[in-house]
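Peer 1: Chains G and S are the protein sequences, given in the same order. No gaps in the numbering here: position 89 of the first sequence is 89 in my numbering, and each next residue is one more. No gaps in the numbering here: position 54 of the second sequence is 1054 in my numbering, and each next residue is one more.
In short, the hints are calculated from the structure, not lab data. Keep in mind it's a predicted model, so treat the numbers as computed, not measured. Be aware that one or more of the hints could be misleading.
To be verified - Within a straight-line C-alpha distance of at most 20 Å, the following computed EDC-like cross-link-like pairs (lysine to aspartate or glutamate) qualify:
#, chain 1, residue 1, chain 2, residue 2
1, S, Lys1419, S, Glu1435
2, S, Lys1194, G, Asp46
3, S, Lys1194, G, Glu54
4, S, Lys1188, S, Glu1232
5, S, Lys1265, G, Glu44
6, S, Lys1141, G, Asp46
7, G, Lys45, S, Asp1127
8, S, Lys1214, S, Asp1320
9, S, Lys1214, G, Glu54
Unchecked claim - Simulated restraints, written as ranges between beta carbons of each label pair:
#, chain 1, residue 1, chain 2, residue 2, range
10, G, Arg3, S, Ala1102, 49 to 55 Å
11, G, Lys43, S, Glu1198, 20 to 26 Å
12, G, Ser80, S, Lys1560, 23 to 29 Å
Unchecked claim - Selected chain G positions facing chain S (Cβ under 7 Å, derived; list incomplete):
#, residue
13, Ala49
14, Ala53
15, Pro76
16, Leu77
17, Leu79
Glycine included, C-beta positions come from ideal geometry on N, C-alpha and C.
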Amino acid sequence: MWRILHAFAIAALIGSAAYVYGVKYRTIYASEQLVKTRHLIGKEKDAIALLRAEYAHLARPDRIQALADSKLGLVPLTLSQIATVDELPDAQPKVDSIGRALESLGFTADNSTPAITASAATPPAR
Amino acid sequence: MAESTTGPSAKPASRARPRLKPLDALADAAILRLRRYLPENFGVDLDPPVARPAPAGPSTAKLKAFGRALLSTRLDRSAARVRIIALGLLVAFAGLGVKLLALGVSHDPPETLKTAADGAVSGARPDLLDRNGLILATDIKTMSVFAEPNRIIDPDEATELLTAVLPDLDAKELRERLSSKKGFIWVKRHITSKEQAEIFHLGLPGIGFLPENKRVYPNGPIGAHVIGYVDEDNVGIAGMEKYLDEQSLTDPHVPGFAVDPNRLKPVRLSLDLKATHALRDELVNGLARYHAKAAAGMIIDVNTGEVIALESLPDFDPNDPGDMRDPMKINRINVGVYEMGSTFKALSLAMALESGKVTLGSHVDARQSLRYGRFTIHDFDATHRVLTVPEVFTHSSNIGAARLALMVGVEGHKAFLKKMGQLDRLRTELPESAEPLVPKHWGLLNTMTIAFGQGLNVAPIQAVMAVCALVNGGMMMTPTFLPRTEAEAEKVSHRVISAQTSESMRYLMRSNATHGSARFANIPGYYVGGKTGTADKIIHGRYSQNKVFTTFMAITPADKPKYLYLTIYDDPQSLPGDYGFHTAAYNAGRTAGLLIRRVEPLEGVPPMKEAPTQPFPIIARLGYGADADRTGKE
Chain G
1 MWRILHAFAI
11 AALIGSAAYV
21 YGVKYRTIYA
31 SEQLVKTRHL
41 IGKEKDAIAL
51 LRAEYAHLAR
61 PDRIQALADS
71 KLGLVPLTLS
81 QIATVDELPD
91 AQPKVDSIGR
101 ALESLGFTAD
111 NSTPAITASA
121 ATPPAR
Chain S
1001 MAESTTGPSA
1011 KPASRARPRL
1021 KPLDALADAA
1031 ILRLRRYLPE
1041 NFGVDLDPPV
1051 ARPAPAGPST
1061 AKLKAFGRAL
1071 LSTRLDRSAA
1081 RVRIIALGLL
1091 VAFAGLGVKL
1101 LALGVSHDPP
1111 ETLKTAADGA
1121 VSGARPDLLD
1131 RNGLILATDI
1141 KTMSVFAEPN
1151 RIIDPDEATE
1161 LLTAVLPDLD
1171 AKELRERLSS
1181 KKGFIWVKRH
1191 ITSKEQAEIF
1201 HLGLPGIGFL
1211 PENKRVYPNG
1221 PIGAHVIGYV
1231 DEDNVGIAGM
1241 EKYLDEQSLT
1251 DPHVPGFAVD
1261 PNRLKPVRLS
1271 LDLKATHALR
1281 DELVNGLARY
1291 HAKAAAGMII
1301 DVNTGEVIAL
1311 ESLPDFDPND
1321 PGDMRDPMKI
1331 NRINVGVYEM
1341 GSTFKALSLA
1351 MALESGKVTL
1361 GSHVDARQSL
1371 RYGRFTIHDF
1381 DATHRVLTVP
1391 EVFTHSSNIG
1401 AARLALMVGV
1411 EGHKAFLKKM
1421 GQLDRLRTEL
1431 PESAEPLVPK
1441 HWGLLNTMTI
1451 AFGQGLNVAP
1461 IQAVMAVCAL
1471 VNGGMMMTPT
1481 FLPRTEAEAE
1491 KVSHRVISAQ
1501 TSESMRYLMR
1511 SNATHGSARF
1521 ANIPGYYVGG
1531 KTGTADKIIH
1541 GRYSQNKVFT
1551 TFMAITPADK
1561 PKYLYLTIYD
1571 DPQSLPGDYG
1581 FHTAAYNAGR
1591 TAGLLIRRVE
1601 PLEGVPPMKE
1611 APTQPFPIIA
1621 RLGYGADADR
1631 TGKE
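One chain only, chain S, in its complex shape (with noise of 0.2 Å):
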């Protein structure tokens, strides 16, 4: 405004003066312009007003001294400058250096929010996969709200607001955390696009979304127990999941060392995701039918070690896994430690056999109960006659096993058995294991009762790890979780009995499908071979007559086995056709024989028609052996 009014009044007076002096002129009109501007003397009221500046004239002349001055490059005038311009530029450097200095030695990274963010955030896992390529558990990526609750103004306004979206949220916590200090904290993970789209139009300050892996596991409880689960930070609690974290084979989550998500490979399970389902179906099938407290069941590879399936009920969903600290819902195969019954008397024939002290000719007196001391072992299916070795096997003589345990002695039974590895801990690549339960003072009773498997606890997986070896040829291989070719498996193997021991072994388990106690897991066109077994459960320390736990291993076919087969039921009822039966063969021999009969075409293996014709040469060389299909064939 003021220029607008003084402008044109200025230029006509330049205009008027004589033309010789222009700068002059200008020099005049700027300073009448400034001092117009300034109040008098800076605003101060010098009383005798001498120190007035000087007029125009003499200050043009100091002006123009000023400028040639200010140019002057004339180094004997300039001393004050160089030093000056000096000081100068060492203060900036030393600045610069200070700072690099102070950036080189502090430790902490600037975005707090970020490493925050970063540690908080779940890591990525591989993705698991059945042996065929199925999903078993995979990360998807879901939105987790978070807040920082020093960037939000009102804890109260937020709570109500957050709490209006997310109605399950705990109001009184919420705000708690929303006042403390906070840098980070959840808010809430893994929620929908709806909530976070709602959440976004609240406007809240402080609140943001963060993406984050999600475990899911598409098939619910199938395979549970071996798969594991995570908890919310997406860390593996139990199972492979847990394996996959031992492993290292997972995001490791520690600043500095993350890793490219996309570059962790999937990681593929021994499993078979179908032959889990068929497995399940039929357990839960036979816990309803046959009222079982428990049931769990398994199949495996006999020439690999591999798993196929194992499942045990009651089970969980690791999507939801909730309470695990249940004793319920634990992993009967691997940490659950069982007398395993009659199925043990495989490893007390085998023993009898490879010692060389029988042979499948031999004769055991059955005839009377055997005493020793106080206790008296009896038969559940008391024959009263002498027994052939194959029908001590097929009539599950206690009697006739402990007689052939005691011919080996207690040194050699304890022997036989470590070298079976049925006296320490089993350990695989789940982190689940069980010690079992060996007797301190191993006397000859001792010897006696485990020969037909009461008084000696093993996990079950480590008695299906025995009968692998004594029907596979005699090779013993530590079970896998994980896929293995039988060239590696010949690689962690090791004779544990002879060749014509395992013959023998798997004669007997196909002659007690055809004629025995495993007649209802005989499927015809898969020639299984089978053993069943029933312990009594002890209830308050004493044996109870009418709680069992049975077993069942079935394997298939018999003369050449690829696959080994394990149910078992705790405290199953009878059926009301069973005459009040409740051993093995009724309730864990059926499941299996159901099994067989839908998870071997699942497995790509038709039913034969034709019985084998050799199923068993090396014993039958011996004059052996040709009596296995003798009920089969007729």
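Next up, chain G with everything else stripped away, as it sits in the complex (with noise of 0.2 Å):
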């Protein structure tokens, strides 16, 4: 019965050890990971701040404003370029375009559907 219960206690510790032996590598793996990442984060977000950083200076102003002139031909804006609502014109009576050249091609004489009747849609009942 003891001998028994030896074995089963040797084999538990030997068990654990193992399990004990096994989690502290994995730990060690992972904190190791973890400090591969934050090595590559801490990279990136150099990296980032070196591109934001480039990318302002692509789009300073003085840049913008040499290549707009050199580009875009724009000018200043005026006042007259500026109209208020009330000084649109007001909106013409619709019209319709598409009815006014089937007309004019004839096809409204008897594009009219056919009426319907009671009778003639649904067959008298025998």
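With the hints in hand, could you dock these two chains into one complex?
Peer 2: Below, the structure is given as structure tokens:
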């Protein structure tokens, strides 16, 4: 009896030791991964900072102004370019241009749908 | 080798012996083998070979006895062993204790290179952003080469190889520094990755790389006087960069107080990058056009005191500030003190109106020059008639302004200027500021000249602060370079003049734009009001006749001002078509006009088609103010 218990105890001891060993190495691996990832994040952040600085340098107002002056030909806004809503002309009466085109082509004459009477639609009950 | 020859011979011998005493046989063999390797008597020749060790038989018995005694656990026979073990443990624990004590007492961090590097590496700084979130200053990571001179084997070789890769290094100085016995020196800060690879491949011992923060200003000189700059170690030297350090918003760089760079929150300024660029661009153009010595300008939100743009030319590139001791490169808005000329008349008129002794309908005699002792005050554009108060402003009458100031008197004048912040040093977030030059003995003559802006030198930002209060309804607040809402501004401001006086000032500035000296800046659609100022410069202690300092202040829109524009030229020349005029209207006024046209849409203010119907309700009730747009409407 005691021997079996001893055997169990020893087996449990060895088993737990092996488990702890495994956990420990997985922990070490995970923390290494963590450090690596942190390092990568730091690198990416530095790269982002560099790209932001580069973007800001490329989008600096004097460069944009030089490009706009040479390529776009824009002029400053003047008062004559601004109109208020009441200065807009009133809407024209609505014109059915498609209908007018059809009419001129003579399609309007007999394209009315034939009237469906109850007697014609449903066959008489027998 | 010896084993392979002796092994086979030893084994048959042991087998031949009787099996009863295997231990004896093994001991014999071991002793024999030992003897073969050891010289006789350990090399000492003993003459009588008496002391020869006993034969194998008794020695095995002794070994057995020794083994039994070793494994015996009887206490009465183990006293000596217990003592020895106790002593051993005592020594071991004493050793541990001493080491612990030493670790606890010592202050020196063990890794000297790391601490040296930590102290030397430039610290992180928060980004500086403009009011819309555009980057004004940011940190990037760069690599720097360092050396540990005490680990360098051959300083001459190291110098030669390093200068081959980094030719701009001073070889002599580098050799001296590498030959020293220091633990840490910088070889070069902020190298490129190509240079880093080349130095790495040199394989020099004692040479290494450290990542560092480098401050970059992507917009170059735009807003440089406000942003400021940093030194090699990323420590703020001027402008808002220095303010950041003063407010401990940067990594303090003290061992034990390291700040996680990711926790540094970006700092937003009140500057608008695009407006600042527009201001700088117009001033650069103006500087060339009017052949002026220097120019400066400023845009401020009159209701919150936020500085939207500030420029002073000539300026510098904060990425490479160079020699900043050049007095031409100062921030003329904050540090320069000038006689502001006729823009000061706005203050004089406000004082006269506020005192109640004068109304907009009063008349001032400007028929003759004003004499005081041996001094005579003339008008630049003399009218020789009795002027109304608005006419004093629009004709920029020195005589009128002096007479109005005399009505208030010396003490009243002083008290008013003190209240308007013109007699004390104005401090903003920027570390740069200047004390105004106030006359020591302030007599009647001083009051007369200061009334039209000569004889009192103030920093332009001070004058701007006062004019903001004159036009925003009477609330005085310190200009700021950080964002501020109107609610916050209300808390830090106090009333200096009544709302009615403020409205009168707006009316006066508006009429000056429609039929006064500010016509060049009257951009249709923005309801501009303005005031010119032309001060004669003092050359060798005397007022010069042809060297002037011109200022222009404009407000938009004059009925409910939002922005105040200030433009300044130092010693501008007249343009060919201007009949020799180099007064403020012809240079500073024009620049302000261009600026308003350009900046207002940037700030999201479209031009208005119609002038406001009731621009000045309070003074309209009193019967004035209807003619502000007389010429504008005609």
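Peer 1: Each of the hints needs a verdict: does it hold here or not?
Peer 2: Consistency of the hints with the structure:
1. For the proposed pair Lys1419/S and Glu1435/S, the alpha carbon gap of about 16 Å is at most 20 Å, so the pair holds.
2. Taking the CA atoms of Lys1194/S and Asp46/G, the gap is near 18 Å; set against the 20 Å cutoff, the hint holds.
3. Straight-line distance between C-alpha atoms of Lys1194/S and Glu54/G comes to about 19 Å, which keeps the hinted pair within the 20 Å bound.
4. Between Lys1188/S and Glu1232/S the alpha-carbon distance is near 11 Å, which keeps this suggested pair within the 20 Å criterion.
5. Taken as a hint, the Lys1265/S and Glu44/G pair is honoured in the structure, with Cα atoms around 18 Å apart against an allowance of 20 Å.
6. Of the supplied pair hints, the one linking Lys1141/S and Asp46/G holds, its CA atoms being roughly 6 Å apart against a limit of 20 Å.
7. Our distance criterion of 20 Å between C-alpha atoms is met by Lys45/G and Asp1127/S, whose separation comes to about 14 Å.
8. With a C-alpha separation of about 12 Å, the suggested pair Lys1214/S and Asp1320/S falls inside the 20 Å cut-off, and the hint holds.
9. Taken as a hint, the Lys1214/S and Glu54/G pair is honoured in the structure, with Cα atoms around 14 Å apart against an allowance of 20 Å.
10. Checked against the given bound of 49 to 55 Å, the beta carbons of Arg3/G and Ala1102/S, roughly 52 Å apart, stay inside it.
11. Remark: the range hint 20 to 26 Å for Lys43/G to Glu1198/S is upheld by a beta-carbon distance near 22 Å.
12. The beta-carbon spacing between Ser80/G and Lys1560/S, approximately 24 Å, falls within the hinted interval of 23 to 29 Å.
13. Evaluation of the Ala49/G hint against chain S yields a held restraint, the C-beta minimum of about 6 Å falling below 7 Å.
14. Checking Ala53/G against chain S: minimum C-beta separation of about 5 Å stays under 7 Å; hint holds.
15. The closest approach between the C-beta of Pro76/G and any C-beta of chain S is roughly 6 Å, which is under the 7 Å cut-off, so the hint is satisfied.
16. Contact between Leu77/G and chain S, as hinted, is supported at the beta carbon level, the nearest pair being about 6 Å apart and thus within 7 Å.
17. Interface hint at Leu79/G: satisfied, since its Cβ lies 5 Å from the closest Cβ of chain S, which is below the 7 Å cut-off.
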